[in-house]
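Asker: Residues per chain are reported as follows:
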Amino acid sequence: MDLRVSRRRKIVNVVMLSLSGVCTALVMGVLFFILGYLFWHGAKSLNWNFLTQVPKPSGQTGGGVANAIAGSAKVLLLATCIGVPIGFLAGVYLAEYSGKTFAFTIRYVVDLLNGVPSIVIGIVAYALVVRPMGHYSALAGGVALGIMMIPIAVRTTEEFLRSVPNSMREGAMALGATRARTIFTVVAPAAISGLISGMMLNLARVAGETAPLLFTALGNMFWSRGWLQPIATLPVTIYNYAIAPEEDLHQQAWAAGFVLLFLVLGINVTARMIIARGSASARR
Amino acid sequence: MATSFPVEPRVIVRSPRTFIERLRGGDQIALLTTLVCAVTIIVVVALIVVELWMNSQPAIKAFGWHFLTSSTWDPNAEKFGALPFIYGTCLTSALALLIAIPLGIAAAIFLAEMAPPQLSNLLTFLIELLAAVPSVIYGLLGIFVLVPLIRDCLVPVLVKFFGYLPIFQGDFYGVSFLSASLVLSVMVAPFIISVSREVLLAVPVEQREAALAVGATKWEATWQIVLPNASTGIIGSVFLALARALGETMAVTMVIGNTPKITASLFSPGYSIAAVIANEFAEASGRLYVSSLIFLGLVLFGLTIVINAVARILVLTTTQRSA
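Just so you know, the protein sequences line up as chains Y and G, in that order.
So in this note's numbering, spot 124 of the first sequence is number 124, and the numbers just go up one at a time.
So in this note's numbering, spot 62 of the second sequence is number 62, and the numbers just go up one at a time.
Simulated from the structure, these hints should not be mistaken for lab results.
Cβ atoms here follow ideal geometry from the backbone N, Cα and C, with glycine treated the same way.
Just to be clear, a hint being listed does not mean it is correct.
Just the calculated beta-carbon pair ranges, DEER-fashion [what the hints assert, rightly or not]:
id: 1; chain 1: G; residue 1: Ser285; chain 2: Y; residue 2: Glu247; range: 26 to 34 Å
id: 2; chain 1: Y; residue 1: Phe262; chain 2: G; residue 2: Leu119; range: 25 to 33 Å
id: 3; chain 1: G; residue 1: Gln207; chain 2: Y; residue 2: Phe32; range: 31 to 39 Å
The shape of chain G in the complex, shown without the other chains (with noise of 0.2 Å):
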């Protein structure tokens, strides 16, 4: 017959219950302090769009919308108005995208579809580096390099075959709406490549065989079957660029001319939000100047976030429809 003898619970490990205890073992101090770093990040762009919304206030109060709408810009006069240099941004922005969706969408193509997986590699691995290239080496570049390029090669074929048209009106002194474009394009091109290259990978090869299986040539199958599967993706990536483009500061800067004007002529130097930012908020004097100043950044701010937000869903869309 089995005795039982009686065994004093004892407690060998305890498990760390109360806060305090857990506190000391250091589980709970890790998690407060990522959540903390978590939280200061929330903090910080709120303080993002505090700083600039009470900032701009003095603007916002002394123009209200007739700032988003004013093509005068006098900071002698204290008078404030906002459209030449929105024109200018949307102009160049619109342009160098123009100019680098065709190339870039095409060399997606020519790396994902045809080039063998070596080159391809090789090519993406160059594109990426030249992604990092900071912006003011492309503003240096484009000041010394591509404008004396643009007007001697570029200008005059222009001129000579288009030169009717009103955009290509006037005289070219170098700096000019077609000099940024142009520069832009050069700059967000790579992120287009990078981007579009990768959603053309992730379409299944199953599709392209099918298409190349019931008589499809490879551009067929590449033009009506790959691409339409990654138009979302493809969209997305020029949204990212042209986000990139709007915000684009020192390279802008540095070719557009400086000069708050509004003309059909690419020809003619013009200005943008961040460049003019860039130039006259460190010397700018006066309350209402600084504060206009500040809610030229505000409207930028806005513009990047509405156009981040779309291609966040138009992204967001794809792969949760590959998933």
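Next comes chain Y alone, as it looks inside the complex (with noise of 0.2 Å):
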């Protein structure tokens, strides 16, 4: 055997397995220094006022975005009334009821429900909503965002559902109970944490959603009242204040992606832990 050949083979080998190491510190470095950079950042701007008062008129420095992030937590909540029920109920229906075909149609079209753009999104619920009505609305960003949560609450749903073992229905029909009692009061509540953390991940995922509401919820420098006002919400208020030319809006926009960035990755962080310890106790 030609030890030149097998030499070269083995400088190969270390350089090329050095250099995926090197990609994976590159990725994970830009990665980090972005993020740590707005945490810096972002936690040098904050302060009570900030989370506390409405904007203040253009001119003037100071101000908050306490109005937007009440506003957010309205849309959201809209969004999840829309988005939860629809698909955690068609969720049962494709894990517990429906036959191969039709389940196969579903699914696929909640993938491509999946894989719409959401500025696309946005454009829809703008012809459902906004324009029947006449005027922006909270109501319609919440449309736009709860049908944006449709696909994963269905995913999650059947996924989890899924994962309950059959001897637990059979063992409840054998008992007497209808199918519905079955699913309603034995599997689902099996599933219960993976279901909650599910949705909790979907949550956070709209939650930072920018484009749909950029013409449904608009944006509003007071408090909204009721839901068939423009509202102002965190990301849209990040954005504009991004693009803004004043340096103090720069400031409060860092702070914003903060408060957000913040609540994303807290929501994120709890819900991962809740579904690993559920399957940890699966295990034991």
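Join these two chains into a complex; the hints should help.
Answerer: Here it is in structure tokens:
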């Protein structure tokens, strides 16, 4: 055997493997530099007034994003009320009732919906809600985000219901429970931690969506009453402040970004911990 | 002798038979409700298609196919053409993938084949968190961190060594195709990494062992045995990343420069389909203007549907082959 060839192979081996390690370090480095920068910069601009006041008229410094935080909560509540029930029940249908062909169709359509760009969902919500009503509203934003929540809600529900062992269904039915009673009092409670954390991840995903809110919820400098007025939301506020010329608004954009990221990642980590604990206890 | 006593058949438990009775028992209601919800999803998707199609009719009637090939975008003269936006969307997505694919796959190889499981799991957890970061935050960082960084560090180097290439001609103002592509590549890399890692881990261990047993180095086993095995799934992950890059709105809007222009230079500001909709939709006046923007939305919708379908077929063939 030619020794030189084998040495060349060894060198290639070492070089390429270390290169893959370097790539990993590079990707992680870039990503963490970016996030670290955000946390450092955002936390610096954060203060109590920022969280409790509404924006000042343009030209004045100071003010906060309290209305945007409340607005985001309102729009997300609406979205959850629209997206989660539809998604959950459709997921129940897929996991427990449906035949093969129809289930394939629905799953395909759900994947399709999941792939629709968020800005396109925004256009549709505009055409369905804003145009007939004649004005931008929190409701329109909620509808847009609600539609975006459906696909993940379906998929999580189906996945977690399927992971419940069949013996539980058989046991419940052997005791005389109807199918519906079996599903809603035995199967769903058994999967509850997975379902809840799945919905939390879903919520965190749409909480940062900006594009579908630009021309549905629009934005608002003041507190928004009821559900039918334009409403300020955190992501849209960040966008508007970031592209504004004033330096003070840039600082506020950083702080708002910090708040948004803190909420989104907080929900994410909590949900993932619930899932991890659930699977750990299932293994035991 | 046994005597038989005639026993009157008495129904103790009546099984609910008729539709109405089962409805009362709740079973049929549950079935119907869940079915209605499942059908609602189909209706929603149909509504999306119908709304886009109906609302873009004025533009389709006025411009027809010419809309896709014309490069004039002049709201005042009511002349609309989509080419600069399609060009911007495709260019930035392609460039972003060009950067993200090698980095992403190399990182996936490291995580799946080399890193100890605990480190690999930790890094994957962090990467999945990064995939959850909202796009507006990537845009914010793009404007204030990445763009100055590109201007001060990357562009002088590129101009010095590759300045003769047409893609690196002209002045660099910060917002540009290049900036948008780099921000996009940072955004889609986590997707490629986490999906590719899953696919690589799904390749049976025996394949690696067999390759190592006949004298392959670790790298040769990975490159010549494991990677070809996982290639379909990895290509699927790339297509998913592509679909995401095409539809990405906020981060691109914030750094691409929002100028409808077709040039070879990556330093020049440009525009993308999603960005023009985000910027101009709320302020668009006139039926034809709005309709043209919605037509752009329809084009984007069509693009992502095709890409997603291809990705799904690829992923499906991999899973079926391994099953």
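Asker: Confirm or reject each hint.
Answerer: Okay, the hints, checked on the actual structure:
Look at Ser285 of chain G against Glu247 of chain Y: about 32 Å separates their beta carbons, and that is inside 26 to 34 Å. Judged by the Cβ atoms, the range 25 to 33 Å given for Phe262 of chain Y and Leu119 of chain G holds: they are separated by roughly 26 Å. Distance hint check for Gln207 of chain G and Phe32 of chain Y: the Cβ-Cβ separation is about 33 Å, which falls inside the suggested range of 31 to 39 Å.
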